[in-house]
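Colleague: Please build the complex by placing chains B and C on the supplied structure of chain A, with the hints as guidance.
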Amino acid sequence: MIVAGVDVGAKNVHVVVLRDGETAARVTVLSGFEQEESARKGLTDAAGAAEVSLGDIGYIVATGVGRKAVALAQHMVTEVAADARGAVALVPSVRTIIDVGADEARAIRVDAGGKVVDFAVNEKCAAGAGAFVEAMSRALEVSLQRFGEISLESTGSIPMNAQCTVFAESEVVSLIHSNTEEKDIAKAVHDAMAGRVSAMARRAGVEDTVVIGGGVANNAGFVKALKDTLGLAELKVLPDPDYLGAYGAALIAAQKGEAA
Amino acid sequence: MTEQAREFWRWSETAYQTDDVDWRSAGSITVGIDVGSVSSQAVILAGGKLYSFYSTRTGSNSPDSAKKALSGAMDGTGMSTDDVSYVVGTGYGRVNVPFANRAITEIACHARGANFMAGPTVRTILDMGGQDCKVIRCDDKGKVQNFIMNDKCAAGTGRGMEVIADTLGVPIEDIGRRSFEIDSEPEPVSNVCTVFAKSEATALLKAGWSVNRVLAAYCAAMAERVSSLIDRIGIERDFFITGGIAKNAGVVRRIERITGVEALKLPEGSNLDPQVAGALGAALFAHALLKKEQKERAAAGADL
Amino acid sequence: MIANYGYRDGSGEYYITIDTDRCIGCEGRWCVAACPQGLFAIEMDDYDDEVAMIVVPGRKLLKEKCSECKPAGERTFLPCTSACLPGALSHSW
Chain A
6 MIVAGVDVGA KNVHVVVLRD GETAARVTVL SGFEQEESAR KGLTDAAGAA
56 EVSLGDIGYI VATGVGRKAV ALAQHMVTEV AADARGAVAL VPSVRTIIDV
106 GADEARAIRV DAGGKVVDFA VNEKCAAGAG AFVEAMSRAL EVSLQRFGEI
156 SLESTGSIPM NAQCTVFAES EVVSLIHSNT EEKDIAKAVH DAMAGRVSAM
206 ARRAGVEDTV VIGGGVANNA GFVKALKDTL GLAELKVLPD PDYLGAYGAA
256 LIAAQKGEAA
Chain B
6 MTEQAREFWR WSETAYQTDD VDWRSAGSIT VGIDVGSVSS QAVILAGGKL
56 YSFYSTRTGS NSPDSAKKAL SGAMDGTGMS TDDVSYVVGT GYGRVNVPFA
106 NRAITEIACH ARGANFMAGP TVRTILDMGG QDCKVIRCDD KGKVQNFIMN
156 DKCAAGTGRG MEVIADTLGV PIEDIGRRSF EIDSEPEPVS NVCTVFAKSE
206 ATALLKAGWS VNRVLAAYCA AMAERVSSLI DRIGIERDFF ITGGIAKNAG
256 VVRRIERITG VEALKLPEGS NLDPQVAGAL GAALFAHALL KKEQKERAAA
306 GADL
Chain C
56 MIANYGYRDG SGEYYITIDT DRCIGCEGRW CVAACPQGLF AIEMDDYDDE
106 VAMIVVPGRK LLKEKCSECK PAGERTFLPC TSACLPGALS HSW
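Residue numbers (this note's numbering), protein chains in the order written: chain A, 6 to 265; chain B, 6 to 309; chain C, 56 to 148.
No lab work stands behind these hints: they were computed from the structure. Only true hints are included.
The calculated BS3-like cross-link candidates involving lysine-lysine, where the alpha carbons are at most 30 Å apart (straight line), are: (1) K229(A) to K125(C); (2) K129(A) to K252(B); (3) K261(A) to K46(A); (4) K211(B) to K129(A); (5) K54(B) to K252(B); (6) K211(B) to K252(B); (7) K120(A) to K16(A); (8) K232(A) to K125(C); (9) K211(B) to K46(A); (10) K241(A) to K125(C); (11) K120(A) to K125(C); (12) K229(A) to K241(A); (13) K120(A) to K232(A); (14) K211(B) to K16(A); (15) K73(B) to K296(B); (16) K129(A) to K125(C); (17) K211(B) to K73(A).
Each pair of labels, with its calculated beta carbon distance range: (18) I181(A) to D179(B): 30 to 38 Å; (19) R107(B) to D76(C): 21 to 29 Å; (20) V111(C) to A254(B): 31 to 39 Å; (21) D103(C) to D80(B): 31 to 39 Å; (22) H182(A) to G67(C): 29 to 37 Å; (23) S30(B) to S147(C): 47 to 55 Å; (24) Y102(C) to R182(B): 39 to 47 Å.
For every residue, glycine included, the Cβ atom is placed at its ideal position computed from N, Cα and C.
With the rest of the complex left out, here is chain A:
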């Protein structure tokens, strides 16, 4: 059976197509202003990549902030449900899932059976999400990729005072003017954000095994900072972290499709 999960975020639409439980295609398109149109495009592109037609997809589940815009979906689930489902399938021993996307972040604690026990969400504040790191790398005129890498080279620890993205931009500019090394600024930025994300994770509860998904999980500098802040021996980065929500939604679609 062919099914799909669609995760409509504030910035990107992620689509995962499963054929008999195996990933057949993964596609990302920009959310843009017309989310319904973007979701349809994502699904069409993903069907194409899986070498099937849109009509061949037997069941579609939508998730993400814009999930209501997916007209083609038979069912909707929350980001928390989709993340939990995806993470448990990828790492069965998981207890705490941290998902940091471009515009929001969440932490979810699940029990041994994979059921959601507690969760905490940070939305509507750029300082606790990927948008923060993006803005700071722009202020430093360094690519996001490199921003994460150089941060790992830093041994310094400069505290950042600003807790708001707008104020932090000015702080980064003044650090540049005072000739602070780029790598040290990058580390300061990641440490500051790790402090906020770890506070959120503690609200949900931190228990081994801890995994991280979402686009920001691709940033090695941030992952290291978060691991250190939480004092973890290991913080597992999920494979294809951007697709966590879409993958979880697709798994739910497979189950719903079978039952239907």
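Modeller: Same frame as chain A, now just chains B and C:
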């Protein structure tokens, strides 16, 4: 000046001096200096009466900004710093005000300044500064009874307004007026985060909204944010607004709509500027502290 | 004076409220000793009273600083509010 180099978000400088008071025979000169994150003000009292004030941009360091504000207020009066008996510093840079006898928080200074400016009936003060926003409840003497402050985040502060002025290329003093030149009031953008509000505003513009309509949605979000802060400690009449955004009717009138309480207006022809409330309060504190010191000295002298 | 220190952000409202009238005459200064994060200090306020306040660097970090004392699940005991005998402290979350 080229279009790119123009700073759309700068307020102009303001100055005031009266000829009605002769400072040389006034008995005492006391000064309040408010060094804010964006602008700095100095207020001079002669014998406890308002003599002059000056408001200017805060430069890269607090002591220089304080000096610049004070010399602006003294400009052309023949007064020098040697004539000043007591100085109170306030604002974000208050601990760095040179020649200050004491530093007092901007919360206490705004309450006292508002009490003087708008009268003893003022109970709730909203101060919208460059990088913070405060709501203060006070008694009829201008003494603080309750306060709440947001200085963590740009939403609901002058900085948040500057971001949209820059993004849309609209001079900050035009925003209020233009935000009402619309057919109907739009839904506000995000009221929690300036970064998200800015990207929403950009998206709305791309979707064909007029600049004025986007400004309305942005001002409305700002008003919502500030009103939620007011809500936490409650609003009691009279209500007075100080700080730079007090001049932005686009935000002020929307706050009045949400709270259902009209803000007190300064009397017609008043020379006061709501932006100097903090420095004025500091100057009033300076005057009171000087009198207290003089009394203590006199009492100590009488004991000898 | 009722002093509200803290903020609201995308995840909620985080305020510690101090009724400073209750601090006047408090000699125990229990809050200062009780907080594992060193968030409290006793200082002279603008009206010359010695009262408790939240230290400046802590004011924008209450969610983070207090998270150790507020683990997931039940949230019953807080070192600061329990230690303060005059009952001047409360948390909004």
